[in-house]
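The chain contents come next:
There are 2 protein chains.
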Amino acid sequence: MLLTQTTTPEDVKALDRAELPLLCGEIRHAILESSAAVGGHVAPNLGVVELTVALHRVFNSPIDKIVFDVSHQTYAHKALTGRAYTYIDPERFGEASGFANPDESEHDLFAMGHTSTSVSLGCGLAHARDLAGDSYNVITIIGDGSLSGGLAFEGFNNAAELDSNLIIIVNDNDQSIAENHGGLYRNLAELRTSNGTCERNVFRAMGLDYRYLDAGNDVLALVDTLQELRNIDHPIVLHVSTAKGKGFEPAQSDPERWHHVGPFDMATGRKLCPGHPSEPAPRTYADITGEALSAAIERDPQVVGITAATPYIMGFTPELRAAAGKQFVDVGIAEEHAVTFATALARSGAKPVFGVYGTFLQRAYDELWHDLCLNDAPATILVFGASIFGTTSETHLSFFDISMLGGLPNMHYLAPACMEEYLSMLSWSLDHREHPVAIRVPGIGLVSRPDLAPAEDTDYSTVRYNVVRQGRDVAVLALGDFFELGERVANRLTAEYGIEATLVNPRFATELNREFLDSLAAEHRVVVTLEDGILDGGWGERVACYLACTPVRTRTFGIAKGFPDRYDPNELLAQNGMTVENMAAEAVRLLNE
Amino acid sequence: MLLTQTTTPEDVKALDRAELPLLCGEIRHAILESSAAVGGHVAPNLGVVELTVALHRVFNSPIDKIVFDVSHQTYAHKALTGRAYTYIDPERFGEASGFANPDESEHDLFAMGHTSTSVSLGCGLAHARDLAGDSYNVITIIGDGSLSGGLAFEGFNNAAELDSNLIIIVNDNDQSIAENHGGLYRNLAELRTSNGTCERNVFRAMGLDYRYLDAGNDVLALVDTLQELRNIDHPIVLHVSTAKGKGFEPAQSDPERWHHVGPFDMATGRKLCPGHPSEPAPRTYADITGEALSAAIERDPQVVGITAATPYIMGFTPELRAAAGKQFVDVGIAEEHAVTFATALARSGAKPVFGVYGTFLQRAYDELWHDLCLNDAPATILVFGASIFGTTSETHLSFFDISMLGGLPNMHYLAPACMEEYLSMLSWSLDHREHPVAIRVPGIGLVSRPDLAPAEDTDYSTVRYNVVRQGRDVAVLALGDFFELGERVANRLTAEYGIEATLVNPRFATELNREFLDSLAAEHRVVVTLEDGILDGGWGERVACYLACTPVRTRTFGIAKGFPDRYDPNELLAQNGMTVENMAAEAVRLLNE
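The listed protein sequences derive, respectively, from chains A and B.
Position 188 (the first sequence) corresponds to 188 in full-length UniProt numbering; numbering is contiguous.
Position 260 (the second sequence) corresponds to 260 in full-length UniProt numbering; numbering is contiguous.
Source of the hints: derived by calculation from the structure; they are not laboratory data.
Built from N, CA and C at the ideal position, the CB exists for glycine as well.
Just so you know, not all the hints are guaranteed correct.
[To be verified] EDC-like cross-link-like pairs, simulated, lysine to aspartate or glutamate; straight-line CA separation at most 20 Å:
hint, chain 1, residue 1, chain 2, residue 2
1, A, K326, A, E291
2, B, K13, B, E33
3, B, K271, B, D233
4, A, K13, A, E161
5, B, K326, A, D134
6, A, K326, B, D130
7, A, K326, B, D233
8, A, K326, B, E161
9, A, K326, B, D163
10, B, K326, A, E106
11, B, K326, A, E161
12, B, K326, A, D233
13, B, K13, B, E106
14, A, K326, B, E256
[To be verified] Short, incomplete list of chain A residues facing chain B, as computed with Cβ under 7 Å:
hint, residue
15, R17
16, G183
17, L184
18, N187
19, C198
20, V202
21, L345
22, Q362
23, H396
[To be verified] Distance windows between CB atoms, simulated:
hint, chain 1, residue 1, chain 2, residue 2, range
24, B, D518, A, G562, 46 to 52 Å
25, A, P551, B, E500, 23 to 29 Å
26, A, Q575, B, D233, 57 to 63 Å
27, A, E95, B, R566, 54 to 60 Å
28, B, D518, A, S519, 50 to 56 Å
29, A, P551, B, D568, 35 to 41 Å
30, A, P62, B, G325, 24 to 30 Å
31, B, P62, A, A281, 45 to 51 Å
32, A, T317, B, H234, 45 to 51 Å
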């Protein structure tokens, strides 16, 4: 096996030229086999095997600097820079991070997982090189899907001002996670079909030199082209056409569903549900969101679903998208546009619902502040994955959302404790015309608790916490999907300590129910807050601050800010003192102080 | 005077065609005269007088929807939609907001002041129109300077997918606030010199129809062109060439310095210092920043100043920029790129310093989180204007910064109390290689207090609050530029109530000095915090939360979150209970409870 002996970029350079296609085949097989076992970004990685081999054949990493945008397509790169074990040794499958990670290798320059950053990073690397009087190559790879993000454009625009070496490789597989959206993609298609010769050329128009290579999965052609570009003295775009999912028929024919997958059967392509290989996947908040929104769209021509290239997170399958017509808009990877677009829709009487992962909503902080909230536009934002039980990669942590949204005026941020409450809030929000509303979709799997969403209590326009159980001495305020964890704390206080604690479902993640908090002091001496997010700027901090000038003692439980990577959520809870035992004991300790 | 009788768009339509140039002249004179008296965005407004008159001649606002990007160039629009008084009646000069404001008029569709939003807003307006089955025109105006912001590109890319009316007017005056930067601008220049006919065309490349008009200050030519575009059935870019500062020689020949000005002498163009017309402007934090950074640049080839189109806020005059050469980079209006670019520079051993207004840094929230902080890149961010004494327009409030940055791991956010401490922190930060550092440049004018920045205490790598005066019972923790306000509270506690309070300069705006806070409890029962920012997610909240499970009572003073507009800072303080008298009285009340 070539791959076991080709562990460094030097090894790639030492191979016979004729061996390169064989190496590519072995890498492809290893990626498939390891992904079948532990899941992964299958389709993106299969597409860039040849490009990656060619890069390490031609350039001299880490002296030459190679930056992969998003970096979820770095499996081949990792295999060739000392980390083949994670793809060929079944005992070590999944051991390396799924993203670039400087802690793993000097060939990974940045930790990253969000899109559209690589050109700006390349500009910085090139400028630093020039300041230091060095002369290495800087190569950045960016996928066509990532081009629609505004940051990428800012990078291209600035790259054109550089008067030194920068090679920007546009890896064009004609596919974002779902299909691409925007006029730019018509230009890419025209460039592909004209073999790069058509008059319209967005890269040339932005002042960049340009070259096209159709054979993006031909390693020898790539080597030859890169060899010619090596040491070029100005910025150039190399536009290569690759096939997403290359070499694995199921992924190549349905790259959207094969963008990122869990374990699957290599022979059939059938996906397996981890732990229960024979059962279908359980229903999710995505499913019920897609169903509820599709029904609303059918009922009301003003309802518009919006996604920034991730329709599946809100349950919008290709079928539901087609059925929704103009009432479902995929803006491509462009969260900023999504929020500003939703602002104008909402101000014009429409009822936009933008569904987005918490981690990607970060891109639109200013648009939330300056467009949506300043204009008090009654749009709905559904924040998915906002939980320590969401993605556990440091690059995609989504539990900073309360801290991020907490400073925005005018917005309600609702945190439902169960699916019934979530659907009730979503339904209310569609018809609410006063303020922007964001909903923190629970991150720990569907929980049915009809008792928490009484049918007569479906107005969320004033901040009112729901007292689920009235007690005394200690009050447990447990936000959103951590309500049940708080319930267990309250139960333990009774069972272990004989304390009948008050148990509250606060429902509002950033606003205080001041009357309720004022009334607490009469019969409570200790308040405990729980939230599925960081403490700094979070909800508990706000509660604690409000009570800090009263005799009530408050202890907040949440996650210390930081970038934990590939953590075990339950271990993270324990590290932050969030075991039921410890939280109950802390309440009792404070009570007895 | 035509202008006094032309108060609505209908009036513009009723004028004889030959009167239109006269109306333009009157509007220009009124803008100049009112701006000379009260200041304003002189150059941008002078450039679009003809365009605005033509828009209201041809289109039927508010049925047709007109959106001005940034909206600091809406003076002519305001004059023609019922608000001429604010430009022609000396008693009412400055009465209307300097930005679009829906509370003033139904012709102002959105409150806005940040750039690059108008195309996305136009897409939303057009989509809402199409959903409702209406047929009005949607017109968005965007300046060339705003084109470099990524959101604008996201908007253009999505606009190309629209299959209905949208007229995007690119108001090209070949000038951002300072000069333009990026490859895009070479294309705009080529388009201007070729009268729109050159092969390279960034708008066509993005899939948009395109038309060029060189005579952007010829009202009749504009009317004719817009008339042809009215009711067009698809998106089109109308690229018009205008002259920034048109009709006022000082502004036309130096549009950077005339972008926004205070009062000036109309005859000579000499700028007046408000209140002291005969004296030169006082020195500012911009001045000392420019001096300190220029010296560092001369000393150390790795220091790089970065601006996103606002070099003057960090004191970089055209002369200092020229002297810095490659060590000063203006990325254009592109805050996202600036942060990601700085990340790569810092990770490559360079020492980037990005100076930015707090309100514009919001654009880069995700890049701060995902690029800078996740990669722990030792860049420096100088946050200017972050104070209630900064810009008082609701669109540009810059005192949300602590709340915004407080959730970011790895970053130190320093809040100096005076100029000596600021310079000490800046100097330390340049050589600090561990973490990203942001510095909250004081917002209330240069304060010299050498006593607060002892020469032996210039290491800010560990969080340590500076106890300026040791007392007991009450501790006053007063952050950054509110230190002196806190000092006055402490002094009043002594003078009025005989309480020798402890007085602390905390220096760190988002991090807790836990040892110090733990030690407080021994001799203090009340802690008062002051900060020049919003309370929600702010610094005081963090302190209060930390102390909430101890017997110490904490009262936080800061600003309630909201969008106050054109407020008086001292009134805002009073509304938030931040008079010296009230803060001292509150401390005493809590002490006696």
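Structure-based check of each hint:
Distance hint between K326 of chain A and E291 of chain A is fulfilled; the C-alpha atoms sit about 17 Å from each other, no more than 20 Å. A distance of roughly 25 Å separates the Cα atoms of K13 of chain B and E33 of chain B; the hinted pair therefore is violated under the 20 Å criterion. Between K271 of chain B and D233 of chain B the CA atoms are separated by roughly 47 Å; this puts the pair beyond 20 Å, and the hint is violated. A threshold of 20 Å between alpha carbons decides the hint, and for K13 of chain A with E161 of chain A the separation of about 33 Å lies outside it, so the pair is violated.
For the hint linking K326 of chain B to D134 of chain A, the alpha-carbon distance of about 15 Å falls within 20 Å, and the restraint holds. Between the alpha carbons of K326 of chain A and D130 of chain B the distance comes to roughly 9 Å, so the proposed pair stays at or under 20 Å and holds. For the hint linking K326 of chain A to D233 of chain B, the alpha-carbon distance of about 17 Å falls within 20 Å, and the restraint holds. Only pairs whose Cα atoms come within 20 Å are accepted, and K326 of chain A paired with E161 of chain B is accepted, the gap being roughly 12 Å.
A threshold of 20 Å between alpha carbons decides the hint, and for K326 of chain A with D163 of chain B the separation of about 11 Å falls inside it, so the pair holds. With a CA separation close to 27 Å, the supplied pair K326 of chain B and E106 of chain A exceeds the 20 Å bound. Between K326 of chain B and E161 of chain A the CA atoms are separated by roughly 12 Å; this keeps the pair inside 20 Å, and the hint holds. Restraint check for K326 of chain B and D233 of chain A: satisfied, since their Cα atoms lie roughly 17 Å apart, inside the 20 Å limit.
Distance check on the hinted pair: K13 of chain B and E106 of chain B sit about 18 Å apart at the alpha-carbon level, within 20 Å; holds. A distance of roughly 43 Å separates the Cα atoms of K326 of chain A and E256 of chain B; the hinted pair therefore is violated under the 20 Å criterion. Against a cut-off of 7 Å between C-beta atoms, the interface hint on R17 of chain A is violated, since the closest Cβ of chain B lies about 33 Å away. With 7 Å as the threshold, the beta carbon of G183 of chain A comes within range of chain B, its nearest partner Cβ sitting at about 2 Å, so the hint holds.
At a threshold of 7 Å, the smallest CB-CB gap from L184 of chain A to chain B is about 5 Å, leaving the interface hint in force. Against a cut-off of 7 Å between C-beta atoms, the interface hint on N187 of chain A holds, since the closest Cβ of chain B lies about 5 Å away. Proximity of C198 of chain A to chain B is violated relative to the hint, the smallest CB-CB distance being about 10 Å (cut-off 7 Å). Look at V202 of chain A: its Cβ gets to within about 4 Å of chain B, closer than 7 Å, so that hint holds up.
Interface hint status for L345 of chain A: upheld, as the beta-carbon distance to the closest one in chain B is roughly 5 Å, under 7 Å. With a cut of 7 Å, the hint placing Q362 of chain A at the interface with chain B holds, because the nearest CB-to-CB distance is about 4 Å. Nearest Cβ of chain B to the Cβ of H396 of chain A: about 9 Å, over the 7 Å cut. The hint is violated. Distance hint check: the CB atoms of D518 of chain B and G562 of chain A are about 21 Å apart, inconsistent with the given range 46 to 52 Å.
Range check, P551 of chain A to E500 of chain B: Cβ separation about 25 Å, and the 23 to 29 Å hint holds. In this structure the supplied range 57 to 63 Å holds for Q575 of chain A paired with D233 of chain B, their Cβ-Cβ distance being about 60 Å. Range check, E95 of chain A to R566 of chain B: about 58 Å between beta-carbon atoms, so the 54 to 60 Å window is met. Distance hint check: the CB atoms of D518 of chain B and S519 of chain A are about 31 Å apart, inconsistent with the given range 50 to 56 Å.
P551 of chain A and D568 of chain B have their C-beta atoms about 37 Å apart, which keeps the hinted 35 to 41 Å range intact. In this structure the supplied range 24 to 30 Å holds for P62 of chain A paired with G325 of chain B, their Cβ-Cβ distance being about 28 Å. Distance hint check for P62 of chain B and A281 of chain A: the Cβ-Cβ separation is about 50 Å, which falls inside the suggested range of 45 to 51 Å. For T317 of chain A paired with H234 of chain B, a C-beta distance near 30 Å fails the hint of 45 to 51 Å.
Hints 2, 3, 4, 10, 14, 15, 19, 23, 24, 28 and 32 from the earlier list are contradicted by this structure; the remaining hints agree with it.
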